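**Student:** Residue-level listing of the chains:
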Amino acid sequence: NAGVTQTPKFRILKIGQSMTLQCAQDMNHNYMYWYRQDPGMGLKLIYYSVGAGITDKGEVPNGYNVSRSTTEDFPLRLELAAPSQTSVYFCASSYPGAEQYFGPGTRLTVT
Amino acid sequence: AQKVTQAQTEISVVEKEDVTLDCVYETRDTTYYLFWYKQPPSGELVFLIRRNSFDEQNEISGRYSWNFQKSTSSFNFTITASQVVDSAVYFCALRAQGAQKLVFGQGTRLTINP
Chain Y
1 NAGVTQTPKF
11 RILKIGQSMT
21 LQCAQDMNHN
31 YMYWYRQDPG
41 MGLKLIYYSV
51 GAGITDKGEV
61 PNGYNVSRST
71 TEDFPLRLEL
81 AAPSQTSVYF
91 CASSYPGAEQ
101 YFGPGTRLTV
111 T
Chain A
1 AQKVTQAQTE
11 ISVVEKEDVT
21 LDCVYETRDT
31 TYYLFWYKQP
41 PSGELVFLIR
51 RNSFDEQNEI
61 SGRYSWNFQK
71 STSSFNFTIT
81 ASQVVDSAVY
91 FCALRAQGAQ
101 KLVFGQGTRL
111 TINP
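Protein chains in written order, with this note's numbering: chain Y, 1 to 111; chain A, 1 to 114.
Hints were generated in silico from the structure; no laboratory data involved. In this text the structure is predicted, and so the values were computed from the model without any measurement. Among the hints, a few may not be true.
Said to hold, decoys possible - Below, a sample of chain Y positions facing chain A; criterion: calculated Cβ distance under 7 Å:
| # | residue |
| --- | --- |
| 1 | Met41 |
| 2 | Gly42 |
| 3 | Leu43 |
| 4 | Leu45 |
| 5 | Tyr48 |
| 6 | Gly58 |
| 7 | Glu99 |
| 8 | Phe102 |
| 9 | Pro104 |
| 10 | Gly105 |
Where a beta carbon is used, it is the ideal one built from N, C-alpha and C, also for glycine.
Using the sequences provided together with the hints, build the complete structure.
**Tutor:** Structure below.
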């Protein structure tokens with residue numbers, strides 16, 4: 001099993017550009033999550049999904065969008081990138097009520 | 001509101017020393033789950049342990065042990081005979097039953113010096 005995979009690993013965006021961070025898992029987990037980790041901080045939840053076709057906002061959803069068309073994939077879309085979105089983004093997945101397994105992260109810089 | 005506090009921002013010890021990482025949490029929920037994750041220099045988050053609020057039994061896994069005390073709202077993590085490979089940032093996290101969000105502490109950066 002590859003677990004949770006994320007692409008790209010690194011990205012530099014200019015202010016106002018858009019991009020999609022990809023996340024996939026092969027563990028047949030129902031639940032998937034997107035977090036961001038700012039320097040020296042813990043992770044904060046952006047969006048989550050409890051199954052295909054179902055998504056919901058977390059703590060810090062502004063400036064982001066998600067979709068969940070399949071169990072395996074959970075892409076995160078950034079529209080009109082801003083410097084405040086410079087962060088490391090982690091995707092995670094889990095069975096309901098169980099521990100979350102994280103991908104390797106995407107380091108995003110917006111300049 | 002839920003909150004996790006890891007008061008130790010950085011700890012540095014010499015290899016083979018024992019080290020304890022503190023975690024104090026706040027929640028009004030009666031059922032909740034506590035977690036520890038390790039973030040090595042490579043950046044990924046590695047799951048270490050999950051503990052249910054109704055199970056206060058301490059856990060030992062090799063050189064790692066966890067002490068859960070509801071009376072003091074603490075879930076401390078001890079590494080015995082530390083090794084250089086234990087160097088990482090360690091996060092404590094809390095999730096209420098039925099909630100999706102993990103509430104993370106700010107992390108403790110542990111450095112094990114040879």
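**Student:** Each hint: holds or not?
**Tutor:** Tested hints:
Taken as an interface hint, Met41 (chain Y) checks out: its beta carbon lies about 6 Å from the nearest beta carbon of chain A, inside 7 Å. This hint holds: Gly42 (chain Y) has a C-beta 3 Å from the nearest C-beta of chain A, less than the 7 Å allowed. A least Cβ separation of about 5 Å between Leu43 (chain Y) and chain A falls short of the 7 Å threshold, and the interface hint therefore holds. Interface hint at Leu45 (chain Y): satisfied, since its Cβ lies 5 Å from the closest Cβ of chain A, which is below the 7 Å cut-off.
For Tyr48 (chain Y), the interface hint holds, the least distance from its beta-carbon to any beta-carbon of chain A being 5 Å, beneath 7 Å. With a least beta-carbon distance of about 6 Å to chain A, the hint placing Gly58 (chain Y) at the interface is held under the 7 Å criterion. Using the Cβ-Cβ criterion of 7 Å, the hint placing Glu99 (chain Y) at the interface with chain A is satisfied: the shortest such distance is roughly 5 Å. Below 7 Å, beta-carbon pairs count as interface contacts, and Phe102 (chain Y) has one with chain A at about 4 Å; its hint therefore holds.
This hint holds: Pro104 (chain Y) has a C-beta 5 Å from the nearest C-beta of chain A, less than the 7 Å allowed. For Gly105 (chain Y), the interface hint holds, since its Cβ comes within 7 Å of a Cβ in chain A; the closest pair sits about 5 Å apart.
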